[in-house]
Structures are given as C-alpha cells and as structure tokens.
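A.B. asks: Given next are the chains, with one letter for each unit.
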Amino acid sequence: MATVQVSEAEKVYILHGVRDDLRVDGRGCEDYRHMEIETDVVSNTDGSAKVSLGHTDVLVGVKAEIGKPRPMVPHEGYLEFFVDCSANATPEFEGRGGDELGVELSNTLYKVFNNRSSIDLKSLCISPGEHCWVLYVDVLLLQCDGNLFDAISVAIKAALFNTKIPKVHLSENEEGGKEIELSDDPYDCMRLNVENVPCIVTLCKVGYRHVVDATLQEKACSVASLIISVTHKGTITCVRKVGGGSLDPESIFEMTEVRQDPPPPYSSSCHLPFRPSQHISTGFPVRRSNCNRFV
Amino acid sequence: GEVERVNKLICVRPLKTRFNGEVGDVVVGRITEVQQKRWKVETNSRLDSVLLLSSVNLPGGELRRRSAEDELTMRDYLQEGDLISAEVQSVFSDGALSLHTRSLKYGKLGQGVLVQLSPSLIKRQKTHFHNLPCGTSIILGNNGFVWLYPTPGQQDEEAGGYYTSLEPVSLSDREVISRLRNCLLALAAHKVLLYDTSVLYCYESSLPHQIKDILKPEVMEEIVMVTRQKLVEQEG
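So the sequences go chain by chain: A and B.
Just so it is clear: in the first sequence, position 262 is 262 by UniProt numbering, and no numbers are missing.
Just so it is clear: in the second sequence, position 109 is 109 by UniProt numbering, and no numbers are missing.
Hint data in this document are derived by calculation from the structure and do not stem from the laboratory.
Small disclaimer: the values here were computed from a predicted structure and weren't measured.
Take the hints with a grain of salt, since some may be wrong.
[Said to hold, decoys possible] To spell it out: a stretch of chain A is covered by chain B in this simulated footprint if at least three of its residues, at any positions, have a beta carbon under 8 Å from a beta carbon of chain B; those stretches are:
hint, stretch
1, 5 to 18
2, 31 to 38
[As the list claims (entries may be wrong)] In silico DSSO-like links for lysine-lysine, alpha-carbon gap of 30 Å or less:
hint, chain 1, residue 1, chain 2, residue 2
3, B, 216, B, 16
4, B, 40, A, 11
5, B, 230, B, 126
6, B, 16, B, 191
7, A, 122, A, 178
8, B, 216, A, 233
9, A, 233, A, 111
10, B, 123, B, 8
11, B, 105, A, 11
12, A, 111, A, 68
13, B, 216, B, 123
14, A, 164, A, 233
15, B, 40, B, 123
16, A, 11, B, 216
17, B, 37, A, 11
[What the hints assert, rightly or not] Beyond 10 Å from chain A on every Cβ pair, some chain B residues (computed):
hint, residue
18, 2
19, 124
20, 127
21, 132
22, 193
23, 195
24, 231
Each residue gets a CB set at the ideal place from its N, CA and C atoms; glycine is no exception.
Taking the hints into account, I'd like the entire structure generated from these sequences.
C.D. replies: Structure follows, in structure tokens:
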C-alpha cells in the first residue's frame, strides 16, 4: 500500500489523539469519511460501480460470461476476482509494483466470498454440469488514501447490485446438443440479490485503541490491523490479520464487538430505497447518484 | 492561471504547480535522506532541496566549526521523516533550493499537523509564522506545506529548536487544530488564497458546525461562501 513518512513527534500526536477519541481530522475512532457511490459508470460491462472514500477511489466492473461449472459443484456458478493496482494510484505501483498488493486483495476477496450465503450461486446455473454464469469482478484502484478493503467491498456490493445478467433460453438443436440463446431485449435480465453480500471493515490498532477507516498517516502509526468481513445480519465471513505487530486476544474480542455497530447502519444504508443525492445520517454519510434502485 | 503582463511579455502562473522557490521564502519540509554533510529535504518542488550541515544551528546554540564528529552524529539532530521549517538561502543552477535554519524561529518541528496544499494558494506576506487568537500557531510555508501546532508556552531558547516536547497536547488545543486543518482543506478545495486573515475568518464561520462535518461538500461550500463574504467586506 502507499506509504507516507511520519516524524516521531507526529506519531506521538496521532497516538494521543486516538487515545482521546479525536483524530487529526476531527473524527471519532469509529467514524467513516465521506463516501460517494456511483453505479452504472462503465457502459460495456454488465454492472459497475465507483466508490470514493475520502481520497481513495475504486472502480469495479462485473462481466457475466458463460462457462463450465466447477466439477465439485455442478449446480452453481462462481465469481472470479481480479484486482488491478494502477500506477495512477501511487508511483510505487508502476510496473510490477502493484502486483503483490493486487494478489493479496484478490485472495482476501476470494476468502470473503467463499461461503454459501453471500451470493446465491445456484441462480447462476444454466444447465447443471455443463453451463453456468461466471461473474468476472474486476477491481481497479484509481487513488490510494488508506482503507482499500472497505472501499473495494462497498464497490463490489454496489456493482453486483447493478449487474444485469441476460436471461437464457435452452433449446435443442438438430444434433441433439443444447443450444443457449440469450434474449435480445436489454431489459429482459436477471438481477442478483445482494442482501447477504458482506462488507469489509478494517480496524487498525493505533496505540491501545483501534480506529476504523484509517488514513495513510494513521496506518503509519499502527502496528497491526484486523480485516473483518460481515454481512448485514452480523455474520462474520472472514477475519484476517495484517501487519507485523501482535494483537492481544482480548483486544480482538473488543474489536469484534465494535464492528457490530458500524456495519449495521453502514450496510443497511445500502438497503434503503434510493432517493437521489440523499444523505443518510446514520453516522455514515453516503451519497449515491446514477442508481436506478438500491433495494 | 494568473496572468502577469510586463509590456509585451505575458506570463501565466499556473494554479496547481510544483514549488518554485526564491531566496527568502519560508518553507516547511520533510527530511528524506541523510547524506555526508547535508540533508535532503522534500519541499514539493521539482528537485529535493538541500540543507547543509553548515547552515543549521547546532544544539546548545554554539558557534563553532563543524568537525568530523558532527558529521557522524547528523542523524541525532535530524532523521529521515523529521519535519523542519527553514528559509531558502540560495537557488542552485539546476533549480534545487539551498535551505538554512540559522535563526531561532526555524528548526525541527514538534507535535502538530501537516497539511499539504498547492503552493500557489499561499499568499506572500511579511511573516509566515502566526499565533492565531484561537490558541494555536500556524506556519504557512510558501511551498504549500502548512504546519499547525499548539502555541508553545515558554520558548525553549537554549535548545536551539532541537528539543521536541512529547507531552500530550490538551483536548481543547486538539479540537482547534483539527478544525483549522479541515478549514484549510475546505479553502484549498475552493481555491481561496490562504493567509492568516482568511484562515481565521474560515475558522470563525465553521464554529457552528461539528469538526468532522466540515469536510462534507455542502458544509464546505457554505463555510467558504461566508468566508468570502467576510473577506470582501473587510476589503471594502
């Protein structure tokens, strides 16, 4: 991830601030920055979303292709993730510099979505054992200002919501093989149920307390962070620890208690019917534009 | 950008540019490298600026020739990542700046907050060090780096600026500093020229809002509008 240099005195200032629950930009330890979500931004994908969280910009595109289902699960489709850290974000990502971070992010996303309940994979099946929908989720990092995981997870949720998968008709052709016809009508499509798609909350340990949505300076002062992905019902799908520092088991329990509170207003705001440019004041201001319906 | 005309010569100063230093500018910079007899300082210009060992005040305020020992203990004075305030002494032929901290008001910076903005937004004034009436001090570096810090109680003159206090800063000072930081970002987003008066007016007009709300776009617009009105009234 992009790093900034921080002097010793600045670190001390940030640590004392976090201890007193007043961060450098006036937020409390559990406040998010201003977030803007836009869907349907890329026209040649089946679904797309762009999320700006402070200065972090993430663009996600979802393409649906027909492929062969995995041999162990012939009745389900699957998702493929790919994260591209573009050199636009920071000069460190030039050439192969961003590959390591991209692979780490993709692996985390696979783990997060690797369960029965996030996405209804059975609905992606066309004919068991032969054809299924494969959703290729491509994430592009445009700007990096800390807290990539949260922004990416929100963008993926929005993009999957926005995805329109064309309806298919199966028919038999002359030789007895199956033929797949995609309907020509662009409005005749299937939407995905994204209620159970988890969102990721990153908690960084700064001093003795943890902060949500850390900026790059705060990350430079933290030794370890915990990445928890949670659905709106409160089920945790994945927990990962990042960083070289150690986390006390008690502090981990404390952190999991904390994340119970931010996600419910956070992901439930994604379930309210959309009104253009509305601010949802649930402690997590979100502005949406160009959305059709965010149910 | 801004247009300047001298007879038939037209110059345009861009709104977003790297810092082009001139002799006498006050800058706030971060040490990137420690080299033999000098430090390299990042000042948001095209090349890293240079701070020579002979241009700093030694701790203790001594005036003596720099010895080989001083060279070896350079890292004790200024390390990589440290922030300093300095003045531009001269400009090399390739455009790199040579800095000096030969006065007691310059030197290593202690606890506080750095805000990085565009250099063209900082107004050139007689002095860039201000003690604001709200209880904090501000250094408006010409290179766009603005340093906010709690006003020191008593000047520690003997240490020559190299002693940094690591005492916790009080919560009220912190709130003022955070509010000022958000105000600076709001003013920069709306391209308002920054100097002590404009920063102060913005601070006053932001008082009815909560600190963390200042960065919301609508609140930012409102605050900057009020600030602009006040500034126009003050001029007129």
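A.B. asks: Hint by hint, say whether it matches the structure.
C.D. replies: Each hint tested on the structure:
1. 5 to 18: holds (count 10)
2. 31 to 38: holds (count 3)
3. 216(B) / 16(B): holds, 23 Å
4. 40(B) / 11(A): Cα-Cα ~21 Å, so holds.
5. 230(B) / 126(B): Holds, at about 22 Å.
6. 16(B) / 191(B): holds, 10 Å
7. 122(A) / 178(A): holds, 20 Å
8. 216(B) / 233(A): Roughly 29 Å separates the two Cα atoms, so the pair holds.
9. 233(A) / 111(A): Answer holds: residue 233(A) to residue 111(A) is near 19 Å, not above 30 Å.
10. 123(B) / 8(B): holds, 26 Å
11. 105(B) / 11(A): holds, 23 Å
12. 111(A) / 68(A): holds, 21 Å
13. 216(B) / 123(B): Distance ~26 Å between residue 216(B) and residue 123(B) Cα, so the pair holds.
14. 164(A) / 233(A): Roughly 25 Å between the alpha carbons, so the hint for residue 164(A) and residue 233(A) holds.
15. 40(B) / 123(B): holds, 26 Å
16. 11(A) / 216(B): Within the cut-off at roughly 26 Å; holds.
17. 37(B) / 11(A): The hint holds at about 27 Å.
18. 2: holds, 26 Å
19. 124: holds, 27 Å
20. 127: holds, 23 Å
21. 132: holds, 17 Å
22. 193: The claim holds: residue 193(B) sits with its nearest Cβ about 23 Å from chain A, beyond 10 Å.
23. 195: At about 23 Å from chain A, residue 195(B) clears the 10 Å cut-off, so the statement holds.
24. 231: holds, 24 Å
Hint check: no violations occur; every hint is consistent with the structure.
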